[in-house]
Structure formats: C-alpha cells, structure tokens
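Engineer: Here the sequence shown stands for residues 1 to 108, numbered as in the numbering used here.
Please keep in mind that the hints were generated in silico from the structure rather than gathered at the bench.
Note that the structure is predicted; figures quoted are calculated from it, not measured.
Beta carbons: idealized from backbone N, C-alpha and C, even for Gly.
There's no promise every hint is true.
Computed beta-carbon distance windows for the label pairs [as the list claims (entries may be wrong)]: (1) Arg88 x Leu50: 54 to 62 Å; (2) Leu72 x Leu49: 29 to 37 Å; (3) Leu74 x Leu49: 48 to 56 Å; (4) Glu68 x Phe89: 24 to 32 Å; (5) Leu94 x Leu74: 29 to 37 Å; (6) Thr85 x Gly47: 53 to 61 Å.
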Amino acid sequence: MRSGGGGTGQGRQTTGAPDHKGADQWAPRTGQGRQSSGPRAQVARRGTLLSRLAFLALLNNLILVYCETLLLRLTFLTLLSNCLTFSRFIFGLLDGYDLFARATFPYL
Numbered sequence: 001m002r003s004g005g006g007g008t009g010q011g012r013q014t015t016g017a018p019d020h021k022g023a024d025q026w027a028p029r030t031g032q033g034r035q036s037s038g039p040r041a042q043v044a045r046r047g048t049l050l051s052r053l054a055f056l057a058l059l060n061n062l063i064l065v066y067c068e069t070l071l072l073r074l075t076f077l078t079l080l081s082n083c084l085t086f087s088r089f090i091f092g093l094l095d096g097y098d099l100f101a102r103a104t105f106p107y108l
C-alpha cells in the first residue's frame, strides 16, 4: 500500500488521505471529530434543528398549495358541471314546453 519509508508510516501513500503524523491510516484518531457539548455544539445543533424545521415548513407549504390548487380545480369543475347541468335542465324545460305547446296547439 505504501511506497518508500521502509514501512514505518513515513512516506507517500498510494491510497487514502495523507498521513501527516506517521500513524496508521485506519487507526482511531483521538482529539478529532465532533464536540458533543459546549456552546459551539449547541449552536450547531440549534442551526441544524432550525434548518430542518424550515425545510419541513417549506415542504408543508408546498403540499398545502398543491392541495388547495387541486381543491380549487375540483370546485371550478364542479361549478362548471352544475352550470352545464342547469342549462341542460332549462333547455330541456323549454324543449318540453315547446313540445307541449305544439301538441296542445298544433295550428300555431
């Protein structure tokens, strides 16, 4: 894996991140990583929580807008259908009145 340095951990690596301290590449590193407590960690956690809440609020708004759009579309189609049904009803009455008038008064 390593070339040069005689296998002491000093030298150029062919794979992985550079190893500046001479330790093995896969050895656990101490003193590095996330801090689980302290003011910086609290600010970071608060930031991630706020970003998650903002994302959920945005997602919720998008879902609500989509549902409202569907509802408005359905309402419009229902109103249009009702208007067409009402116009058919009116024209049917007029046709019926016309047929009734022709049957009753054929000489008109």
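Engineer: Are there hints from earlier that the structure breaks, and if so, what are their numbers?
Structural biologist: Failing hint: just 3.
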